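**Q** Below are the chains, spelled out letter by letter.
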Amino acid sequence: MRIVVQEAPFDYGAECDGFATGRTDVGAVVTFAGLVRTDADLDRMEIEHYPGMTESALTAIAEEAARRWSLQDVLVIHRVGPMRPGERIMMIATAAPHRRDAFEAAEYLMDYLKSRAPFWKKEHGPQGESWVEAKATDEDALSRW
Amino acid sequence: MDVLYFAWVRERIGLPKERVETDAATVADLVSELRAREDRYDAAFADLSALRVAVDQELTDFDAPLAGAREVAFFPPMTGG
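Sequences listed follow chains A and B, in order. Counting with the working numbering, you get residues 86 to 230 for the letters of the first sequence. Counting with the working numbering, you get residues 50 to 130 for the letters of the second sequence.
The following block holds chain A by itself, in its conformation from the complex (with noise of 0.2 Å):
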């Protein structure tokens, strides 16, 4: 399990390359990226964290996917910072013996990082800037886990 967060961009196609290779028991692996993306005009984002609870945030909701699924390696990586449109913002790569562990994971994943890490965008434009308002749908799709 590798949990980073960090400034500077990653390289997706490296991370991904190099996620649960050289190893012969692994029969899935899924990977996700999200992106910053353009619904106004938007010029930046800045995703501010807090230093340490988000470390122990990520690893913990990786633990919990780790013992509901059967995993074999799990990888979460999230910039904070300014960031620009199309950048990558964040990425996460499980790997397990078969895919519905590995697809099932990865959006478990996503709905708790959503949610329960302490990260927060904040959006900012020629109108000024503001912080993007947590969704309701984000909240609900816990329920089903």
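None of these hints come from the bench; they were simulated from the model. Computed from a predicted structure; not experimentally measured. Just so you know, even glycine gets a beta-carbon here, dropped at the ideal spot from N, CA and C. Treat the hints with care, as some may be off.
Unchecked claim - So these bits of chain B aren't anywhere near chain A, every CB distance computed over 10 Å: (1) Glu67; (2) Asp72; (3) Arg86; (4) Arg89; (5) Tyr90; (6) Asp96; (7) Glu107; (8) Asp112.
As the list claims (entries may be wrong) - Output of the computed footprint for chain B on chain A, the stretches with three or more beta carbons under 8 Å from beta carbons of chain B: (9) 162-175; (10) 200-210.
Unchecked claim - Simulated coverage check for chain B against chain A, where a stretch passes if three residues somewhere in it have a Cβ under 8 Å from a Cβ of chain A: (11) 51-57; (12) 119-129.
Could you slot chain B onto chain A? The hints should help.
**A** Below, chain B alone, put in the same frame as chain A:
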């Protein structure tokens, strides 16, 4: 204890972190003490349903006890991913 603020809570109160001497038994008691201080605190804590709290870096509720707590953080609902 250390009290931390993030996102718009930090902006509204005007600082990221402060040392608070308190005998508050619960998070809610601490919130009451802070709200009584100044308008900016009162405004930031006006709607607790819009806030989340962590005690010693664990998410918890506003009725959580503070005995032995070293760090309390207030922030809006999280928006990661």
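**Q** Does each hint fit the structure? Answer for all of them.
**A** Taking the hints in turn, this is what the structure says about them:
1. Glu67: holds (16 Å)
2. Asp72: holds (25 Å)
3. Arg86: Since the minimum Cβ distance to chain A is about 23 Å, Arg86(B) lies beyond 10 Å and the statement holds.
4. Arg89: Correct as stated: the minimum Cβ-Cβ distance to chain A is 17 Å, above 10 Å.
5. Tyr90: Label holds. Min Cβ-Cβ 19 Å, cutoff 10 Å.
6. Asp96: holds (13 Å)
7. Glu107: Non-interface label on Glu107(B) violated, nearest chain A Cβ at 8 Å vs cutoff 10 Å.
8. Asp112: holds (19 Å)
9. 162-175: Since 3 is at least three, the answer is holds.
10. 200-210: As far as the stretch 200-210 of chain A goes, the hint holds, because 8 residues have Cβ atoms under 8 Å from chain B.
11. 51-57: holds (count 4)
12. 119-129: holds (count 7)
When the structure is compared with the earlier hints, a violation turns up for hint 7 alone.
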